[in-house]
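Protein chains: 2
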Amino acid sequence: MKNVFLIGTGLIGGSMLLDLRSHLKDATFYGIDKDNSHAKRAVTNGIIDKVAVMGDLINADLVLISIPVDATLKVLPQALDLVPENALIIDVGSTKKAICDVVSKHKNRRQFLAAHPIAGTEFSGPDAAIKNLFQKKTMIVCEVEKTAFKLQELAKELFEILGMRVRYMTPAAHDRHIAYVSHLSHISSFMLGKTVIQEEENERDIFDLAGSGFESTVRLAKSSPAMWTPIFAQNKQHVLDALDGYIENLSRFRESVKNNDHKAIFEDMEQTNRIKTILKGIENGK
Amino acid sequence: MKNVFLIGTGLIGGSMLLDLRSHLKDATFYGIDKDNSHAKRAVTNGIIDKVAVMGDLINADLVLISIPVDATLKVLPQALDLVPENALIIDVGSTKKAICDVVSKHKNRRQFLAAHPIAGTEFSGPDAAIKNLFQKKTMIVCEVEKTAFKLQELAKELFEILGMRVRYMTPAAHDRHIAYVSHLSHISSFMLGKTVIQEEENERDIFDLAGSGFESTVRLAKSSPAMWTPIFAQNKQHVLDALDGYIENLSRFRESVKNNDHKAIFEDMEQTNRIKTILKGIENGK
Numbered sequence: 001m002k003n004v005f006l007i008g009t010g011l012i013g014g015s016m017l018l019d020l021r022s023h024l025k026d027a028t029f030y031g032i033d034k035d036n037s038h039a040k041r042a043v044t045n046g047i048i049d050k051v052a053v054m055g056d057l058i059n060a061d062l063v064l065i066s067i068p069v070d071a072t073l074k075v076l077p078q079a080l081d082l083v084p085e086n087a088l089i090i091d092v093g094s095t096k097k098a099i100c101d102v103v104s105k106h107k108n109r110r111q112f113l114a115a116h117p118i119a120g121t122e123f124s125g126p127d128a129a130i131k132n133l134f135q136k137k138t139m140i141v142c143e144v145e146k147t148a149f150k151l152q153e154l155a156k157e158l159f160e161i162l163g164m165r166v167r168y169m170t171p172a173a174h175d176r177h178i179a180y181v182s183h184l185s186h187i188s189s190f191m192l193g194k195t196v197i198q199e200e201e202n203e204r205d206i207f208d209l210a211g212s213g214f215e216s217t218v219r220l221a222k223s224s225p226a227m228w229t230p231i232f233a234q235n236k237q238h239v240l241d242a243l244d245g246y247i248e249n250l251s252r253f254r255e256s257v258k259n260n261d262h263k264a265i266f267e268d269m270e271q272t273n274r275i276k277t278i279l280k281g282i283e284n285g286k
Numbered sequence: 001m002k003n004v005f006l007i008g009t010g011l012i013g014g015s016m017l018l019d020l021r022s023h024l025k026d027a028t029f030y031g032i033d034k035d036n037s038h039a040k041r042a043v044t045n046g047i048i049d050k051v052a053v054m055g056d057l058i059n060a061d062l063v064l065i066s067i068p069v070d071a072t073l074k075v076l077p078q079a080l081d082l083v084p085e086n087a088l089i090i091d092v093g094s095t096k097k098a099i100c101d102v103v104s105k106h107k108n109r110r111q112f113l114a115a116h117p118i119a120g121t122e123f124s125g126p127d128a129a130i131k132n133l134f135q136k137k138t139m140i141v142c143e144v145e146k147t148a149f150k151l152q153e154l155a156k157e158l159f160e161i162l163g164m165r166v167r168y169m170t171p172a173a174h175d176r177h178i179a180y181v182s183h184l185s186h187i188s189s190f191m192l193g194k195t196v197i198q199e200e201e202n203e204r205d206i207f208d209l210a211g212s213g214f215e216s217t218v219r220l221a222k223s224s225p226a227m228w229t230p231i232f233a234q235n236k237q238h239v240l241d242a243l244d245g246y247i248e249n250l251s252r253f254r255e256s257v258k259n260n261d262h263k264a265i266f267e268d269m270e271q272t273n274r275i276k277t278i279l280k281g282i283e284n285g286k
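One line per chain: the protein sequences are C and U, in this order. Oh and the first sequence: position 141 is 141 in my numbering, straight run, nothing missing. Oh and the second sequence: position 107 is 107 in my numbering, straight run, nothing missing.
One chain only, chain C, in its complex shape:
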């Protein structure tokens, strides 16, 4: 592999390259970013060797697309138009249905692999990239049967370098599951932050009283709106379903508090305590 291109020199793509570089010694790593200052920072941070433009993809062996999912809908077909035969393109966006649909009829569809690494932090940009972000994490791969077999094998090798286990799903199942375990968490965190900030406008110094519990539940509210807005837009129906379920549960809990139904409050929490066992599974990288 000679020429590796990263489109979008941020947290996810940047972290991937930091790990891949140490294994792909003979390759040159190029970065394409609509924000030129990000591309330059990526050079400084040792993520890429050189800044490039879309036209350079005619020399690519591997292209990683790691940009907001609305931009992926435009950039992915362009990249598939440009790359030479045998090049592999992987996108790592947090939605999969719209992205798979947009290239379903593309003549080079077999050169594309749709993926989503279940890893990240609340930070973004090239300065947020870190080594070993993907160790023991899950890489979801969608519509694997539509990717050329040789390129499937190549992708597997790359994911092994990153230390990931691969799980195969349909784009529809991916989008539904992820609405619950990722997208809803982000909304609950953002709206919690918003509610407490609103209250602070009336009550000064409220955050003096916030402890590690609050910090943990609002951590995701630091996330990038530019990245998350198109995710919620593309996964609209599943996000609405997840939000409906969440608001319904909150409203019922509110009723229990209002009606002094302490038994219902207790049972609601006790039944949810089984999240302990579930989280233990996540920690162990199961």
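There could be a bad hint or two in this list.
If several chains are the same, the list does not tell them apart, and a pair holds so long as it fits within one copy or across any two.
Stated by the list, open to error - 20 Å max Cα-Cα, derived EDC-like pairs, lysine to aspartate or glutamate:
#, residue 1, residue 2
1, Lys50, Asp127
2, Lys258, Glu248
3, Lys107, Glu200
4, Lys40, Glu267
5, Lys236, Asp261
6, Lys263, Asp70
7, Lys107, Glu143
8, Lys280, Asp127
9, Lys276, Asp127
10, Lys276, Asp208
11, Lys34, Glu85
12, Lys2, Asp49
13, Lys276, Glu199
14, Lys2, Asp244
15, Lys280, Glu199
16, Lys131, Glu160
17, Lys146, Glu157
18, Lys107, Glu255
To be clear, the hints were calculated from the coordinates, so they are not data collected in a lab.
Guided by the hints, dock chain U onto chain C, whose structure is given.
Using the frame of chain C, we list chain U on its own:
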């Protein structure tokens, strides 16, 4: 100080004693717990020297009450009845108004200090107790003027041993603030966990896909229902207000998603991003 009593040998009280023991070398530490196995574990874990009963409080110099807040309403007046002159009783519950009210007319009111340490973990019981839990954390003290001056001074010394800074508030202000920065976080986390567990009943293996973001937002859903049910009950009105604000914000966000109002979604998140600065304040122990 000779005889220190801990009522409730769990996470908070246990952690306090672990730190206090190393400074109060001449004292004997007694534990009272309605769950005898907890009291015994507390001896094994080096939290207390001996198991005791309420009647033993007649020999107390210092009593820490660290039990569910509904139990405090009964136990605190009993303890104030029993302790000798000059003994100090501190409670550390997560609500303050009901607790202060229940002893407002007690003849020994001046021997009581109402406090709430902004520290903890999602775990509970004597095995959850850890050293240095309170270092650089805030201790909220309510109605300090109602405590005898000498005992105020003693409490301050103890909080200094724990490494805490003290902040004074009225019980009403405490309960309102804490509804937002603590109680609401717990409800949002419990209901997020519930919503995802419900979805899992339809969709198998959904938790395989959960990453560190989900883990962070549902961490508090591991908390003890026995501790949290009476907190929500005692802080009912403020909890309802906080929940109303939260559900309102979630419903508006849902509307924005439904109406494809991407500008509103973006701005909602962008404005909440200032939580970054706020959380930095928390991390720095400001």
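Going through the hints against the structure:
Proximity of lysine 50 and aspartate 127 under a CA criterion of 20 Å is satisfied intra-copy only: 17 Å inside one chain copy versus 54 Å between copies. For the homomeric pair lysine 258 and glutamate 248, the shortest alpha-carbon distances inside one copy (15 Å) and between copies (17 Å) are both at most 20 Å. In this homomeric assembly, lysine 107 and glutamate 200 never come within 20 Å of each other (Cα to Cα): the closest approach is 55 Å inside a single copy and 37 Å across copies. In this assembly of identical chains, lysine 40 and glutamate 267 lie within 20 Å of each other by CA distance neither inside one copy nor across copies; the values are 54 Å within and 28 Å between.
Within a single copy, lysine 236 and aspartate 261 get their C-alpha atoms only as close as 35 Å, which misses the 20 Å cut-off; across copies the closest is 11 Å, which meets it. Within a single copy, lysine 263 and aspartate 70 get their C-alpha atoms only as close as 46 Å, which misses the 20 Å cut-off; across copies the closest is 14 Å, which meets it. In this assembly of identical chains, lysine 107 and glutamate 143 lie within 20 Å of each other by CA distance solely inside one copy; the values are 16 Å within and 74 Å between copies. When the C-alpha separation of lysine 280 and aspartate 127 is checked against a cutoff of 20 Å, the pair qualifies only between copies, where the shortest distance is 18 Å, while the shortest distance within a copy is 30 Å.
In this homomeric assembly, lysine 276 and aspartate 127 come within 20 Å of each other (Cα to Cα) only across copies, at 16 Å, whereas the closest approach inside a single copy is 33 Å. Within a single copy, lysine 276 and aspartate 208 get their C-alpha atoms only as close as 29 Å, which misses the 20 Å cut-off; across copies the closest is 14 Å, which meets it. In this assembly of identical chains, the alpha carbons of lysine 34 and glutamate 85 never lie at most 20 Å apart, being 26 Å within a copy and 73 Å across copies at closest. In this assembly of identical chains, the alpha carbons of lysine 2 and aspartate 49 lie at most 20 Å apart only when taken from the same copy (12 Å versus 69 Å across copies).
Taking identical chains as interchangeable, the C-alpha atoms of lysine 276 and glutamate 199 lie at most 20 Å apart only when they sit on different chains, with a minimum of 17 Å there against 31 Å within one chain. For the identical chains of this complex, lysine 2 and aspartate 244 are neighbours neither inside a copy (49 Å) nor across copies (57 Å), given an alpha-carbon limit of 20 Å. With identical chains, the CA atoms of lysine 280 and glutamate 199 are at most 20 Å apart between copies only, with a shortest distance of 19 Å across copies and 34 Å within one. Taking the shortest alpha-carbon separations for lysine 131 and glutamate 160, only the intra-copy value of 15 Å comes in at or below 20 Å, while the best inter-copy value is 40 Å.
Proximity of lysine 146 and glutamate 157 under a CA criterion of 20 Å is satisfied intra-copy only: 18 Å inside one chain copy versus 69 Å between copies. Taking the closest pair of Cα atoms, lysine 107 and glutamate 255 never come within 20 Å of each other, the shortest separation being 56 Å inside a single copy and 38 Å across copies.
The structure shown violates the earlier hints numbered 3, 4, 11, 14, 18.
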